[in-house]
Structures are given as structure tokens and as C-alpha cells.
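Engineer: Residue numbers (this note's numbering), protein chains in the order written: chain A, 1 to 308; chain B, 309 to 494; chain C, 495 to 918.
All clues given are correct.
Coverage of chain A stretches by chain C, computed from C-beta distances (three or more under 8 Å per stretch; other residues unrestricted): (1) 87–97; (2) 106–116; (3) 127–134; (4) 191–203.
Think of the hints as simulated: they come from the structure by calculation, not from any bench. Here a beta-carbon is modelled for each residue, glycine too, at the ideal position from N, C-alpha and C.
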Amino acid sequence: MPWKRKDLLSMQDLEPAEIGEVLDTAASMKEIASREIKKVPTLRGKTIVNLFYEASTRTRTSFEIAGKWLSADVINFSASGSSAEKGESLLDTAKNIEAMSPDVVVARHKAAGAPALLARHLRCSVVNAGDGAHEHPTQALLDLLTIREKKGHLEGLNVAIVGDVTHSRVARSNIYAMTKMGMTVTVAGPPTLIPVACQELGVKVSHRLEEAIAHADVIMMLRLQHERMTGGFIPSVREYSRVWGLTLARLTQCRPDVLIMHPGPVNRGVELAPEVADGPYSVILDQVSNGVAVRMAVLYLLTGAKAA
Amino acid sequence: MTQREKAQVLDEVTLDRALTRIAHEIVEQAGGVDDLALVGIKTRGETLAERIAQKILAIETVKPPVGALDITLYRDDLGLKAEQPQVRSTEIRFPVKGRTVVLVDDVLFTGRTIRAAMDALMDLGRPRIIRLAVLVDRGHRELPIRPDYIGKNLPTSRRETVAVMLREHDGIDRVVIQEPTDEQGG
Amino acid sequence: MNLLIAGARVVDPANGVDAVQDVLVTNGRIARLGRALKAPAGTETVDAAGKVVCPGFIDMHAHLREPGHEYKETIASGTRAAAAGGFTAVACMANTFPVNDNRAVTDYILARARVEGVVRVYPIGAVTRNLEGKQLAELAELAEGGCVAFSDDGKCVMNAEIYRRAMEYALPFGTPIISHAEDCHLAGGGAMHEGIVSTELGLPAQPAAAEEVMVARDIVLAELTGAHLHIAHISTAGAVRMVREAKARGVRVTTEATPHHLLLTDEAVRSYDPNTKMAPPLRSKRDVEALVEALADGTVDAIATDHAPHALSEKEDEFAEAANGVVGLETAVPLLLDRLVRPGVIDLAALVTRFSVAPARLLNLPGGSLAPGANADITVLDLDAPWTVTPSAFRSRSRNTPFAGWTGHGAPWMTIVGGVSVKP
Numbered sequence: 001m002p003w004k005r006k007d008l009l010s011m012q013d014l015e016p017a018e019i020g021e022v023l024d025t026a027a028s029m030k031e032i033a034s035r036e037i038k039k040v041p042t043l044r045g046k047t048i049v050n051l052f053y054e055a056s057t058r059t060r061t062s063f064e065i066a067g068k069w070l071s072a073d074v075i076n077f078s079a080s081g082s083s084a085e086k087g088e089s090l091l092d093t094a095k096n097i098e099a100m101s102p103d104v105v106v107a108r109h110k111a112a113g114a115p116a117l118l119a120r121h122l123r124c125s126v127v128n129a130g131d132g133a134h135e136h137p138t139q140a141l142l143d144l145l146t147i148r149e150k151k152g153h154l155e156g157l158n159v160a161i162v163g164d165v166t167h168s169r170v171a172r173s174n175i176y177a178m179t180k181m182g183m184t185v186t187v188a189g190p191p192t193l194i195p196v197a198c199q200e201l202g203v204k205v206s207h208r209l210e211e212a213i214a215h216a217d218v219i220m221m222l223r224l225q226h227e228r229m230t231g232g233f234i235p236s237v238r239e240y241s242r243v244w245g246l247t248l249a250r251l252t253q254c255r256p257d258v259l260i261m262h263p264g265p266v267n268r269g270v271e272l273a274p275e276v277a278d279g280p281y282s283v284i285l286d287q288v289s290n291g292v293a294v295r296m297a298v299l300y301l302l303t304g305a306k307a308a
Numbered sequence: 309m310t311q312r313e314k315a316q317v318l319d320e321v322t323l324d325r326a327l328t329r330i331a332h333e334i335v336e337q338a339g340g341v342d343d344l345a346l347v348g349i350k351t352r353g354e355t356l357a358e359r360i361a362q363k364i365l366a367i368e369t370v371k372p373p374v375g376a377l378d379i380t381l382y383r384d385d386l387g388l389k390a391e392q393p394q395v396r397s398t399e400i401r402f403p404v405k406g407r408t409v410v411l412v413d414d415v416l417f418t419g420r421t422i423r424a425a426m427d428a429l430m431d432l433g434r435p436r437i438i439r440l441a442v443l444v445d446r447g448h449r450e451l452p453i454r455p456d457y458i459g460k461n462l463p464t465s466r467r468e469t470v471a472v473m474l475r476e477h478d479g480i481d482r483v484v485i486q487e488p489t490d491e492q493g494g
Numbered sequence: 495m496n497l498l499i500a501g502a503r504v505v506d507p508a509n510g511v512d513a514v515q516d517v518l519v520t521n522g523r524i525a526r527l528g529r530a531l532k533a534p535a536g537t538e539t540v541d542a543a544g545k546v547v548c549p550g551f552i553d554m555h556a557h558l559r560e561p562g563h564e565y566k567e568t569i570a571s572g573t574r575a576a577a578a579g580g581f582t583a584v585a586c587m588a589n590t591f592p593v594n595d596n597r598a599v600t601d602y603i604l605a606r607a608r609v610e611g612v613v614r615v616y617p618i619g620a621v622t623r624n625l626e627g628k629q630l631a632e633l634a635e636l637a638e639g640g641c642v643a644f645s646d647d648g649k650c651v652m653n654a655e656i657y658r659r660a661m662e663y664a665l666p667f668g669t670p671i672i673s674h675a676e677d678c679h680l681a682g683g684g685a686m687h688e689g690i691v692s693t694e695l696g697l698p699a700q701p702a703a704a705e706e707v708m709v710a711r712d713i714v715l716a717e718l719t720g721a722h723l724h725i726a727h728i729s730t731a732g733a734v735r736m737v738r739e740a741k742a743r744g745v746r747v748t749t750e751a752t753p754h755h756l757l758l759t760d761e762a763v764r765s766y767d768p769n770t771k772m773a774p775p776l777r778s779k780r781d782v783e784a785l786v787e788a789l790a791d792g793t794v795d796a797i798a799t800d801h802a803p804h805a806l807s808e809k810e811d812e813f814a815e816a817a818n819g820v821v822g823l824e825t826a827v828p829l830l831l832d833r834l835v836r837p838g839v840i841d842l843a844a845l846v847t848r849f850s851v852a853p854a855r856l857l858n859l860p861g862g863s864l865a866p867g868a869n870a871d872i873t874v875l876d877l878d879a880p881w882t883v884t885p886s887a888f889r890s891r892s893r894n895t896p897f898a899g900w901t902g903h904g905a906p907w908m909t910i911v912g913g914v915s916v917k918p
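Work out the full structure, taking the sequences as your base and the hints as a guide.
Structural biologist: Right, dumping it as C-alpha cells:
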């Protein structure tokens, strides 16, 4: 099914066939990373602007590498030290950038819905690189690619997503993506970190880690932000890591072919014990390299699609 | 616009003979199999490259390495079409540097695919020599590209299509010329 | 000043009238109603056959933004918007800049209204100084100056002791205390209603409990003090349930609902359009159903717009950052005529009661009646007039409405204040 969308804003919008197309394209593009000359001329002459209002070195770097390997010109715009500090509104900044004719704007913002606002007003393609707690579609795509690579398929797999689901855009994008691809998803965490009405998203909910991970093919640990202690979500990091941290001992109760995933950066010793993060079940680094391939695929597909 | 078969130009036997001759020509010009590699252009070029490599094995008792090249990312017409063409993977598991690489494709037409293939190949390394083997040369070059080994020269008109069918893909080996039936509709 | 409105259906619930009558206005007051009335020579006659004549509608909750935020709205533009929407009077909230917490600001508002206002303007004074919730404003002077109620609307007085004292102190003036019920901690930074939609959208959200916790508290305080408590813009099923129970017990609690809370659910927020962002937020389908039911059975006494103009730059922003509030003066009556009266959810007399009789009663205002001697504040409706909500045509200075493009039938046809037809 040929990709026709002008923007990639959310996994919730996508059909399974579109997801498959991104994954297949990304899989084909992976070998560019192993070449001596990591460049193909495909997006030569295209301009990509990374509009990052939230600090993020890894995602931004991943998009930058993806764009540069495709021979595009990539410009990084981070909000600090710019007109945003002078109080320029998001829309004004975007329109100013658009006046310089980019082909793609990759946007990350702490406000849910910000990339959608941009996409409504900009002629060029918009990629959501993370908007508040709403979605992070390229993360879910690279997670799916990693799982598919390791397991050979997606449908029917059991996935446990563990941690602060309430504040996690990675969790939401993965929930939408995985349920669409026929995977069974269980979210697990203390009740204060599981969002209201979560079951209506088509997932199971568990408040016990051992129960959630017992039959999982894939365990995705989410990052705990230390700010969660204010607001009464958890009493302390210490208690959280004791109850919800994935240790080697807990891992022995899991399937022998389980995959451990994490969107990064990892709080070592909190949600993941260091031995687990670095251990043989962890595919965290594969996620990172697949991230570049997935972003190359997304940039490729978007720049080809003509706006409807 | 539908196509109608106008003529068959190669059948199973004549196709096989053409590949046998090409295999001999490659080996003769290269003076052996050392440093030789075949790279087929996806999709049917890859199949033909494999078949030629098998024939070279039969002649020289050594099989040259065979790779597959997807040229989608190097096309010069990206962004001109309605959607992006599907990207397949390039699989070349041997170093290209210093080798005699013979590109293999089914039909040579405008030459743009071969131009893209050469760019793709050069991004993987610096071959000593690049040569080109095609099953069918149908003319109408738009770039200064010329094949070294040709299965069959086939003068065609622009309106016509050359369809290459191979056992591994289409269940049968034959090459036909097709022409559009009517100009009505579209 | 003198007017004869001929041939309309007169709906005057306060006096039990629903019949085709002529209405004669003399010197700005209702002279009499009757059939085939003869007016004195030279009296302007309005042929209102096929129209509906009601006591003038009163919006008991609007933000006119003057003094201080005139770029969003002024008393001039706001009252013109009111007149266009069929309102003959507007009660304006105190969260201006400076806040209406002292007599000087009240005097200013009334002076501007006399010169620039085209409908009656009734100021609502603040409960606490600068709306900070710490110290009482000079309520006696405010009441003397013409404030018809007290409210820190926009904010909630979180300190129960201060609020109790305010209710007690204001008792002698007969002015209701109007509550913006929202526990600021439970609400947190919530930009929308907490539910499956907020979970999907990943927006910070506030539970219905943030409103209900304060409604419960305010009812208890009203019971303790005997004050007249009026809950502003009530929006949840739990809140209306509590008000219904409290009324049955004899507590002096009343409440109002806005058109947007009656017609829209949190599903409207899916587009991330900041024109669907207001406080309290749009609620779930269950809440809206309970609210409409409460409107029909009278638990919700009045309809008020909570007209909250904001400039484009304040609304055209990331959802969580955008200003709260939508305009409503020009759309309230047409929307509810089409979406509630036409389908028979409530009848016309009930609507007129909610828009006119109740606000007048709750704020102790003259109005809500067409009895002889009453001010000739009259709202004339055309029940069949087709309309399309066109923000660019608003009289208001602001355009922030969630109803752009909506269509329907039934709209205000003429707005008469003191016997004079207002040209908005």
C-alpha cells in the first residue's frame, strides 16, 4: 500500500498496512549503516528542519543522521537561545521557518497536539518526534522493527509495558501500534501511574510486576522521571525500584527468549538493573540502530508523498 | 491501457543459449574468474546474474560471487511520481574494491537504471572495472550507456513494452514484446 | 420609548401567559398586553406576526474585560454582542484588570456602561481582594455601589474559612455568592476532563472530582451560613446530583449551566482545537446527559453564557498553554433554540424561564416579566430563522468559539431595552 500521508503525527492514525510499509522500507535501508560510504543520494537537495522545543540529544541526533545519510540538508533548531525565549509563539516560529522552504519539519514539544497544530498550518511535511504525553510514533515504529527482527513476526506476541504509562508518549504510541498489529499488550505499574480508562485502549492492566512479565515475549521498561515524587504519584524512587525494577532475579521467572526493551535513557538501578540493561536479553542498542533506519524510511516516504 | 502480446522473441531454449554465450564472453574477456563478481539489478537481473554464475561454475569449476543491487534510492525520478517506489534491500556480501564487476539486468532501455546502478555500486567501493550484461537491449538510450554483453538486440518502438518472464518469478522462461491495444480510455 | 409590538406569540412564564397578544410600551415600560390594541398616534409599530415575544433575556455570567483587557472586549463591543444574541442585560464578572474589588472600579464600569453600553450592565464584585482568596474585599461598599453578586470567578476561594466569612458578611446585602467550584490542587494543570479521551490524547487532565469536591464544600458552607450560594457553570453529573439533594433539604443553593456544557462533550477536544478549552472543561457524555436532564427538571435554574473573549494569539497556541474560555453571547440563544427546544428536550416556556425569569430572580434584578409596569426589556425571537455561526461576523471583539460553522433554525429577531430597539 503506497504511503500517501503528508505528515506522520500519530500511530493512532495509521493502518496496519502503512505500518508494515514503514517497517519493510526501514529493513531494506538498514544496510546503509554497514557501508563504508554511508550515503545515498535519495533526498539530495531536500531540507529537513529539526524543531526541538524539548531537549533531546538522542532522538534529534537519530533524525539528523537519518537525514544526512539520505543526503538531505539537516538544520537543528532548539528552542533555548532562540525566539522562543523571547516569547515568540510556536506558530510564529514555524511560519518563519516555513518561509525558508523546508521540505520536512521534525517537531518535538512538551505540549500534546503541538505537531498537529504545525501540520495544520505548514505546507511542508511534519513528523511528530514526541509531543508531551501524547505520541512518539517513530519510537513505536523502531520498537516494532526490533521485535519483528528478533522474533520474525509480530502478531500474537505478548508484550508487557512497565512503568509510568500515564506520562509516557512512548507507551501510548506502542499501545496503539501493537494492538493494531495483533499483539497482546499488558500495561503494568502502580495505579497512580496507569492512566484513567486505560483498559479501553485494548490492553490488560496489572499492578504486579511478576504477574505482568511472567509470560511476556517482550518486556518494555519505561523511564521513571524523578519529578513523579511531587504530585504524589510514588512515595520515593527507592520504593519504586524495589517493587518495579527489573532485576536479574526477576528475569529468571521470564521466558528464556524474552526481549528487554527501553526507549532510553535508562535509569540504571531504578527501572532496570545494570546487569539486565547490559545483559544478553537486552535489545536496547538494536533499538537505537533501528531508530536511524526507521527515521530514514519515514523521511523517504514522506518526501515522496504529495499532499492530498 | 491494456497490453497485447505482439511477438515472442525468446523462448526457454533460446534464452538459455543466450545466457550460456554471455557467460562464455564474460569469462573470455576477464581472462578467468579471479576478481570477477556479478551484481544483478533487482529483481530479475538478480535471477539472471545467479544463472550466469552457475554457468560460469560449469565452465570454470569456480563460481564467482553474486550480489543483488536495489537502485531505488538512486533513481533520478524520485519525487516526480505520485508515491515513493518500494525500496528493497541491497545485498552485496563481498568487497567491491578492485574487482571486475559485471552488472546484470534483464532489459536495457533508456540507460537510467544502469546510471543509478553505477552510482550505487561506487558508493559501496571502487571496482577496478564495471561491465554491463543485459538479456535484451531494446534501444532508445537517453544517456551515453552501452552494454558489453547482449543476449538479444531488439529494436522496439517507444509505445511497446518488453516483458521478461523467468521461471523463478513467473513460472516460465520467455521474453515477449507487448503493444498497447487501443488509445481509448486510459 | 413608545412602541407597539403587534401580533406576536407572547411567552411570559412568570405571569402564566402563552398567547398571541399585542404589547404596548409607554415611556419605556410595559403598558398593557391585549388583542388588537390601539396605540396613541405616532407610536412606532412593529409587525411581529409569527415571532415570539419574551421578557428580556439576562446573561448572569459574562466577562466584558473592561477595564484592563480592552483588546479582547469592551463594554461597548460586549453589550453589542449581547444585544445581537437577544440579551437585554448582562452581569459582568470581576476578574478585570484591575479587579473589581473596590468601589472605584465598580463606578468605572457603570459609568462606561451608561455611555457605551447598549444593554443593561450589572457588575459582579469580587469576594476577595485581587481574587487572591486571602482577604475579603469591601463587600458593603461594592454592594452599595451597585454590585448584584460577589464572585471570584476564574478562581476558586480555596480557604474555607475565608469563604464562610464572606458568605456571612454578605448576608445582609441579599447578594448571592457565586462559586467557581474548582479545587486548584485536584485540577492541577488539567487542560481537559480526565477520562478515556484525555488518556488517548495525552493531555494533562482534571477529574470531575475537582469540581465536585468544591461543590460539596460550598453547599456545606451555604447550609452553615444560610447564604444564597449560586454555583457557576455547573458541569458534572455528581455536582448536579448534590445540588438536587441540597435543594430538597432546603439549602439556598442555585446553579447555572452554559450552552457549551449542554451541547459538547470531551470528544470535541480530539482536534486539539483550543476553542474547545475552557474551565470547567467539556465533560463526558454521561455528565452532559445528566446536565441536560437537570436543566429540564429545574435543578439547573438558569442558563448563562460565561462569555469569555480571548484574542487569537492567546487561543492559537499549544492546547495546554492556551487561555481558557469561549465567547457565547451571540450563539447561546440560537443554539439552544435549535438543539434543545426544537427537538423537545425542553419547551419554550422553560427556556425563557432559564434565560430570563431565573436570572432576574437570582440576582434580584428587575426583569423576567412582562407585567404592566415592568421595564420594557423585551427579547423577540424568530423560531424559524435559519442561521450559521460565522465568527468573522461577531459583534464581539473576539472569535474564540467552538461552534464555528454550526447551522440551525431559531434566533433572536429584535432586542428591546427600555422600550427602544437596540441596533447591535
